[in-house]
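Those sequence lines, one after another, are chains A and B. Sequential numbering of the first sequence, starting at 1, is according to the working numbering. Sequential numbering of the second sequence, starting at 1001, is according to the working numbering.
Quick caveat, the hints were computed from the structure, so don't treat them as lab data. Hints should not be assumed to be uniformly reliable.
Unchecked claim - So the derived list for chain B, only partly shown, Cβ under 7 Å to chain A, looks like this:
no., residue
1, 1082
2, 1083
3, 1085
4, 1115
5, 1119
6, 1123
7, 1127
If you're wondering where the values come from, they're calculated on a predicted model, not measured in any experiment. By construction, the Cβ of each residue, glycine as well, lies at the ideal position given by its N, Cα and C atoms.
What follows is the residue order along each chain.
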Amino acid sequence: MHSNEIFEKLKSEFGDAIIELIDEAPSDPYITVDATNIFDICHTLRDDEEFLFDYLTCLSGMDLKEELGVVYHLYSFKFKHKIVIKAKVPKDDPKIASVERVWRAADWHEREAFDLYGIIFEGHHNLIRILNPYDWEGYPLRKDYKEPEYYHGIRVPY
Amino acid sequence: MGLLNKLDDPFEGGGVVLGTLEDILNWGRSKSDWYLHFGLACCAIEFMAMNASHFDFMRFGTIPRTSPRQADFIMITGTVTLKMADRIKKLYEQMAEPKYVMSIGSCANSGGPYWKHGYHVLKGVDRIIPVDVYVPGCPPRPEAMEEGMIKLQKLINQQAIFNKRKRLAEEEKEIVETNL
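Based on the sequences and whatever the hints tell you, model everything.
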């Protein structure tokens, strides 16, 4: 299915939650989606007969200066089509539903997005830091991050 | 035939060698240094190449040990993150004296290519443990690492075992006098 058709079908099912499809060369076409019912949308994308997106290629966080976001790259083994979904969350309350129950791969990817951006995934069974140490302060990949002076008595800057 | 003879009998006509006890002990220590197996990142790949048959690190008498209690020295090969820094410190404290540290590669020397923006990289392993030999390179060639080993052997050969306090005091006096 082409990205237009995926967009039309999703819009007919979810209406206003699907915001728009942006299809500019050279990047992949992506669909921006409302963050409130991301779980239902992802469930449909995985289980619907014409979509069958059973492979979450990548889930990562974004920092778009005033707000944060999450990107989902999906691929279907049966139909061999792929789509990108983007959802935005506000910076002061970055909560979004976890899609761990839909694709198991999201488990560690969401932990990474939490560790590096501070996006909280509700419904995740074990949302703790994965790359940085457990007592690290701050979210490193945000644009306004400042590295700490000392960590466990070790001086961090050069 | 003459060369082979010389290899079998280097001290022609006799087998008596005179030397100080210190020299002999240091010779034994430096030519059979056992290292703690500690590969972190890309420098560890070069280290593995050095251990293989072409560059043959084991001819220096070094054997990899997996436990710090059994190791003489540790070779920090690769980038040290802050998460790993706590563990390195613990391993270093567990090693028995006399112990040495060889820091291999730019990342272990001073943070390497991550010196500016690496928020989680330890800028040089000498911030946590005292280093004896630094081997520069990114990654250093196996020959460079072997030169580092030869330097470490020279360092061990010059160490004092007896009259250590007197020798150290003399060295300190020398340093103070040259700085004045």
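>> Which constraints among the numbered hints does this structure fail? Numbers only, ascending.
In response: none
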